[in-house]
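**Student:** Make a model of the complete structure from these sequences and hints.
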Amino acid sequence: MIVAEQKPLEEIKSLIADYQNVLVVGCGTCVTVCFAGGEKEAGILASSLRMATKLDGNTKQVDHLVVQRQCEWEYIDPIKEQVDKADIVLSIGCGIGVQALVERFPDAIVVPGLNTTFLGLPTEQGIWEERCAACGECILGLTGGICPIARCAKQLLNGPCGGSQNGMCEINPDTPCAWQLIYDKLESQGRLELIMEIFPSKDWSNSRDGGPRKITREDLRLAAEETE
Amino acid sequence: MMNDRENAFHIVAYCCHYCAYAAADLAGVLRLRYPAEIKIVELPCTGRIDAREILLTLEHGADGVMIAGCLEGDCHFQDGNINARRRIERLKQTLSEIGMDPGRIEMYNLSSAQGNRFAEVATEMTERIIELGPSPFRTMVRIEDAVESNP
Amino acid sequence: MTEKNTNGLKSGSNLERILREGHFAVTGELGPPQSADGAVIREKAELLKGYCDAANITDNQTAIVRMSSIGAGAIVQQEGLEPIIQMTCRDRNRLAIQSDILGAYALGTRNVLCLTGDHQSFGNHPTAKNVHDLDSVHLIQMVVKMRDEACFDCGDEMKGVEPRFFVGAAANPFGDPFEWRPYRLAKKVKAGADFIQTQLIYNTERFAEYMQKVRELGLHEQVYILAGIGPLKSPGMARYMRDQVPGLDVPNKWVDRMTEATKGIDKDDKKARRDAWRQEGISIAVDLIKELRQVEGVAGVHVMAIEWEEAVKPIVDGAGLLPRPELSPLPPSDPKKKAS
Chain A
1 MIVAEQKPLE
11 EIKSLIADYQ
21 NVLVVGCGTC
31 VTVCFAGGEK
41 EAGILASSLR
51 MATKLDGNTK
61 QVDHLVVQRQ
71 CEWEYIDPIK
81 EQVDKADIVL
91 SIGCGIGVQA
101 LVERFPDAIV
111 VPGLNTTFLG
121 LPTEQGIWEE
131 RCAACGECIL
141 GLTGGICPIA
151 RCAKQLLNGP
161 CGGSQNGMCE
171 INPDTPCAWQ
181 LIYDKLESQG
191 RLELIMEIFP
201 SKDWSNSRDG
211 GPRKITREDL
221 RLAAEETE
Chain B
1001 MMNDRENAFH
1011 IVAYCCHYCA
1021 YAAADLAGVL
1031 RLRYPAEIKI
1041 VELPCTGRID
1051 AREILLTLEH
1061 GADGVMIAGC
1071 LEGDCHFQDG
1081 NINARRRIER
1091 LKQTLSEIGM
1101 DPGRIEMYNL
1111 SSAQGNRFAE
1121 VATEMTERII
1131 ELGPSPFRTM
1141 VRIEDAVESN
1151 P
Chain C
2001 MTEKNTNGLK
2011 SGSNLERILR
2021 EGHFAVTGEL
2031 GPPQSADGAV
2041 IREKAELLKG
2051 YCDAANITDN
2061 QTAIVRMSSI
2071 GAGAIVQQEG
2081 LEPIIQMTCR
2091 DRNRLAIQSD
2101 ILGAYALGTR
2111 NVLCLTGDHQ
2121 SFGNHPTAKN
2131 VHDLDSVHLI
2141 QMVVKMRDEA
2151 CFDCGDEMKG
2161 VEPRFFVGAA
2171 ANPFGDPFEW
2181 RPYRLAKKVK
2191 AGADFIQTQL
2201 IYNTERFAEY
2211 MQKVRELGLH
2221 EQVYILAGIG
2231 PLKSPGMARY
2241 MRDQVPGLDV
2251 PNKWVDRMTE
2261 ATKGIDKDDK
2271 KARRDAWRQE
2281 GISIAVDLIK
2291 ELRQVEGVAG
2301 VHVMAIEWEE
2311 AVKPIVDGAG
2321 LLPRPELSPL
2331 PPSDPKKKAS
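Protein chains in written order, with our numbering: chain A, 1 to 228; chain B, 1001 to 1151; chain C, 2001 to 2340.
No incorrect hints appear here.
Only pairs whose alpha carbons sit at most 20 Å apart, straight line, appear in this in silico DMTMM-like list of lysine to aspartate or glutamate:
hint: 1; chain 1: A; residue 1: Lys40; chain 2: B; residue 2: Asp1050
hint: 2; chain 1: C; residue 1: Lys2129; chain 2: A; residue 2: Glu130
hint: 3; chain 1: A; residue 1: Lys185; chain 2: A; residue 2: Glu129
hint: 4; chain 1: C; residue 1: Lys2233; chain 2: C; residue 2: Glu2310
hint: 5; chain 1: B; residue 1: Lys1092; chain 2: A; residue 2: Glu11
The following residues of chain A were derived to be distant from chain C, with all beta-carbon distances above 12 Å:
hint: 6; residue: Leu9
hint: 7; residue: Lys54
hint: 8; residue: Thr59
hint: 9; residue: Glu74
hint: 10; residue: Gly95
hint: 11; residue: Ile96
hint: 12; residue: Asp107
hint: 13; residue: Ile109
hint: 14; residue: Ala134
hint: 15; residue: Gly136
hint: 16; residue: Leu140
hint: 17; residue: Leu142
hint: 18; residue: Pro212
Derived by calculation from the structure, the hints in this document are not laboratory data.
The beta-carbon is built from N, C-alpha and C at its ideal position, and this holds for glycine as well.
**Tutor:** Structure below.
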């Protein structure tokens, strides 16, 4: 899932400073599960902003609502009326949600209330960890199911570097060394031969380096849209 | 002690059914005095408390909020009071960001047998809030109106 | 591929010739300044010249911005000391690395050390974006390919002179997982590394264990391994390296020796204490070299005395490695003889 966290209130206040009617739009999917932009967080943020702006002597009208998925047209179309009424939309969806609102409501001013942080999972209640870098060319099948692109600080394909100590990464003693994990996994499965050979350099053109990516599935497209 | 309604301080005390609520009851039975500013709301457990609820309470003009749960280790639902403590800690940070004194909210722990203790913390909280002064939001909405508009 | 005039050597660098002729090699290290002052480089080069066969020129070491290793290396070259250009994958992508390799060669440098690079979070620009387009193993492959196949990483043939470097790599025998380290070295050897410089070695027993495995894999016969030596400056530094630096293994006996070095010296006599520590640090380094020289497969030592270049001479001298061999100028190369 996409993991995000709320921006500092001070930054959010500066983003909405010039507008009177604010609509906070949460999202019911990833950011709800990571407690950054769901119903509860939208309510807290709206309440916080009402109080904070009043204390600043510049009371704003702040309403909130939550759509089930901010990244799909059919879920955001129904909020058109509220968006039209607001002077500014404060999206607490991920970066995709923010941009979906921007694209669907061309006249609306939309700003983000979250920092979209990474693709990861809750390893335990209250803790989220990065797992995927969306590099466009998955190598998990060759690395024991542990991603060195997302989890090694230097994205090494032939690791670990000299900074791996007691299973931890030198840049942060709380971060496991991805290559120690890979080694341990493959060793325990008797599959170390997978990393004995030099892992070739990566084709980054499949990643963000190749420019914004797009997938088209002709079999799924609707006839009406295809002719557009 | 009571001023006129407009000038009175209002402190909402969210009390766990299994301890603080019963302690408040006991305080009454023991004829212990605690400030009339304290307005008790019964909760099944402090673990039930939601940051939104406390924020709305403050937004609607309460001068302070106290949350009173069981002694740590004695939660009827195992660790609802510990969850509440963590949430209150975070909420205090939010209050600071908003620009409000985080001292307007406080969590207390006590057992159902501690009628004395309830009266003590209620007095302590009230004194603290009176010192902090009326909530900046008090003039915005009268609590009675807020209750009517947010049943 | 066209036949090249190589005198049967890969690069013809002094370091390559010293190693090929079977001498126990000594390399040093020179850290460029955090300024554009070329005079600093010349002074440091003077301290190393004659006491090592070549000197590493660090590349934004510990991710702190310094004069470029190629720029500083060219100055060192002018001063008559042979540079080993360090090149990290942290700051450049494959385009930048290749163009730098071409430039470094054109400036007359002949050795390159391929590194991943310290993470930028340790340096003075922690908000920088790191590159890591390639890792150190890919970097070795690329520089070797430029030399041996005269082509770029993409496969395009080079038009004109190809850069002929003696290619080095680093190895940390004490990083984890310990059992994997010899295999990681094997990858670097397979990638084409000609020489290896190791991380600082203080635990000779553990290093011997590592070398045992290296010999089992036959790596010592495919690559020249130079053991890393670093003189300790004080007991505090020894403790810091023992406790705080990931990938270093400093046994207590050295810490104790450093501590005891000031026995009988007045606590307030700071200069005498400092001198005693430094003397002991040099003495420990000499002992380490003597011990490491006995390990089969160790072809030389790499003495890292960053910001203490003066220590190199007494260390190398104390280890009986002076004078350094003076090689005769290379004969005109035989065009029929191919590089091996």
